[in-house]
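Could you put the whole structure together from the sequences, leaning on the hints where they help?
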Amino acid sequence: MRLKRTATALAAASLLAVAACGGGGGSEDSSDRQTLGEGGNAGSGQDAEAEAPAADVEGATAGGTITVNANVAPETLDPTRAYYTDSTAIMSGLVTRSLTQYKYDAETKEMVLVPDMATDLGQASDDNKTWTFTLREGLKYEDGTDVKAEDVAYAIKRSFAVEELPDGPTYNQTFFLDGDTYKGPFQDGDDYAGVETSGNDITIKMARPFGDMAYYASFPSFTAIPQAKDTNPDAYGNKPLATGPYKFESYQKGQSLTLVKNDQWDPATDTTRHQYADEYQFNFSQDQTKIDNVVLDDQGVGQTTINYTPIAPSVYDRAQESGRLAIGTQPCTFMWYIDNTKITDDKVRQALAWAYPYRAAWRAGGYIEGVTRAPSTSILPPGTAGRETFEAIEGQDGQTTDPAKAKALLKEAGAEGFEIKWPYQTDLPESVKAKDVQAQALTAAGFKATPVAATSDTIRALQSDASADLNIRSQGWCSDWPSGGSWFPAILDGGLVGQEGMPNKAQFKQADADEQQDKILDTLAGTEANDAWGSFDKFISQKYHPVVTIGYGGVALVHGSKIGGVGIDNVRGEPTYSDLYVKK
Amino acid sequence: MSISSAGLENPADALEPDPSADTALEKAVAGRSPVQQAMEQLRRDRVAVTCAIIIVLFVVLALLAPVITWLWGVSWKTPSGDVVLSSTDFDGLPIVGPPKGDFTWEHPLGLSPALARDNLALWLYGARTSIGVALVATIASTIIGITVGLIGGFARGTLETVVNWTINFFLSLPFILVALILAPIVIGYYGSEPGKLTVAQFASLLFVLSVFGWMPLARLIRGEVLSLREREFVQAARVIGVPTRTILRRELLPNLVAPIIVFFSLSMPTFVSAEAGLAYLGIGVTGYPSWGQTINDAMAANAFNTYPLYLWAPILGVLALVVALNLLGDAVRDAFDPKTRR
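Line order of the protein sequences matches chains A and B.
Terminal number for the first sequence in numbering that gives the first Met the number 0: 583, no gaps in between.
Terminal number for the second sequence in numbering that gives the first Met the number 0: 341, no gaps in between.
No wet-lab data here; the hints were simulated from the structure.
A hint or two may mislead.
Here are some chain B residues pointing at chain A (derived, C-beta under 7 Å) [unchecked claim]:
id	residue
1	G190
2	Q234
3	T285
4	N301
5	T305
Glycine included, every Cβ here is placed at the ideal spot set by N, Cα and C.
Written as structure tokens, this is what we have:
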């Protein structure tokens, strides 16, 4: 899943805990500061027996309007295209139901995968190549018509239409039957052999074993869309038909979204959602300083407001004092992808890991050490099933900068003064500051630092262009589900080198690594596969150092004094929308 | 923000030479040119003198920025990562100097949040950027304005149409829009060469400011020339065969000194604010300090609540400089305008 800030691709759901983001403690004088705790599962728990209706949130009361502010805006809210953390959380939490879903467990603060529109978490055949989901009885759209299995099948076919509906998840193409040839109902018609329906059953067929289908089925693209209503795919996202407790009343792309109660939603069919507030008012593209102050001042509408943009560091103390700060983890790893075709000497890649100013770059970039950034070692973030704890380079704990070691390695490699070219955004002050610190550190370590200027509009294209004059690309990735299966095949697979959009930003292609990946994908499933991905992480990190991991993610969100039920969805790093209520 | 000089909205009547006043004065004080008279009045104007002193002070500080920062041992450049970490708290606010530490003479204006750059150095170099950009842009736009205005006023036929059309064309271009478009283009071209990028950004900033700053002066000059060119002394020069270029330079230009000086003095403050405004919007110079960038950064860091000094230092800089330049400009206009001469 992609992060809400467009420049950072994110995969959302690590199903296990983003645990162990214990943080380096940060600055000494504020030891009482709230930091990310140990443990956490980032959604790796499963509960196939979860029952509807969902248990009430303690103390919840009905009524009122909840205002949600953010300094970013979703590009689209079309269920098929919703692949950013914010759009996924909003749509899945309130508007569109899918086959499975995550439920917030307030006691453990974990997300647990539970059945949603389906009666269970899907029945897989022994080889994991056929998955069957059975639809619940009594599901209705906002217009009162019944949800049919054919509608879910249509939604799945629709998610193959990557040309008409770009930016969605891409696992269909990798795993589903004919994923490489079927181009969706708009081009190839309704005739797709990979999805069959019979009564309330939906059967999905795979081209290769796909053990993580139950997780994948939680994405909004596995909702129900009646084909008759989808006359114009470009416009459907402006008012998607609601199956959840809230429906669109008005939506202004990039500005605002108003959701009102959907009276056709029946809590007796829903294992995760509630319908406490009368209305949700989302305001996008707001000024960060403004929205922080509105909530912290806690006056009028600010009392019933929650921000899904993490709080600015400078007001963190104030937010914590107010007692209205919720912090949680995000299953994301931020990386400097080293272009392995341009920086071919492993010693230079290791030198980069010693040269990088981890803690200073977090500080300069506006992240709070131990809260919104934590030291990272493995590529897989904490909470991922099967993750191994290791140091890619001995002694490098993800926060140590040692210019002397970097210099020595460069000298050994005979590459003193090696030029590093990485992009930054001139119109984003945090990016400029982080660049200053990075340049300073690289120079101190004996590199030649050449930051490449870009703007918010151009950086995505620049980072996706393999021919651009860069040898470092900076991006984050978040789990789509908490297993290495949503990481390496998506971002570090040799087969991706040369593909449009540059999914493998490290241009990492090694025969032994690719062989291992194929073996895991084709022969292993479940725990075995998870563990194999954990070992694979260690194998490539220690042998090739294809990336420098520059931190794991976390979020710190503030809310007004009258908002109750606030939890952090640690699959996406967003508020748990359907548990929110307005206190009386 | 508009960079048309508000004070010149209706300049033609304010600046029209008043021959009767001139003759009257000539009788009383023989041998003094209008410029000398204006200077005499300016010297007696206490506001003008105070403003001039403030401006000179700013200029001196800007010119001596490298010396002062060297003497003080501070720099606007980003310190090493270790210094960043030891000088700032977890939330980026400095612990050396305000707001979290005590005042220290080593950094009298404190350090900037997150990067721990010295605010005194940022302020001094910001003054350099402001004054330098405003001065160069003013000179450039004055030269363009005079040239186009003279040609537009004196030429006839096709040339006159072309010049007038050009003035109107530039007046109709939305200044902010062009600045917004130009910034990413410059970044696209020079993005991978950090040194050249700063130079190119300075150049494009000066280009935008100059190209959108000359039209008021050109119109003003053209209006003046239109009325002057039918006067006897011009016709006499033409009759005896003086080349057009010489007529423009020798006969017309001296009569236009007053409006030019007034334009010049009133353009400076508008360019100072325009530069700060563009930098605030993130489309000015990056990689070199400027007050606008500091204000932008302070706003983003919520400094209004948490670190007021960081926000107020550059704001007061812009404010003092613009007010002083404006008041001096007003005084200059008054001094050159016989009707308001006191």
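**OP:** Give me the numbers of the hints this structure contradicts, sorted from smallest to largest.
**Re:** Violated hint: only 2; rest satisfied.
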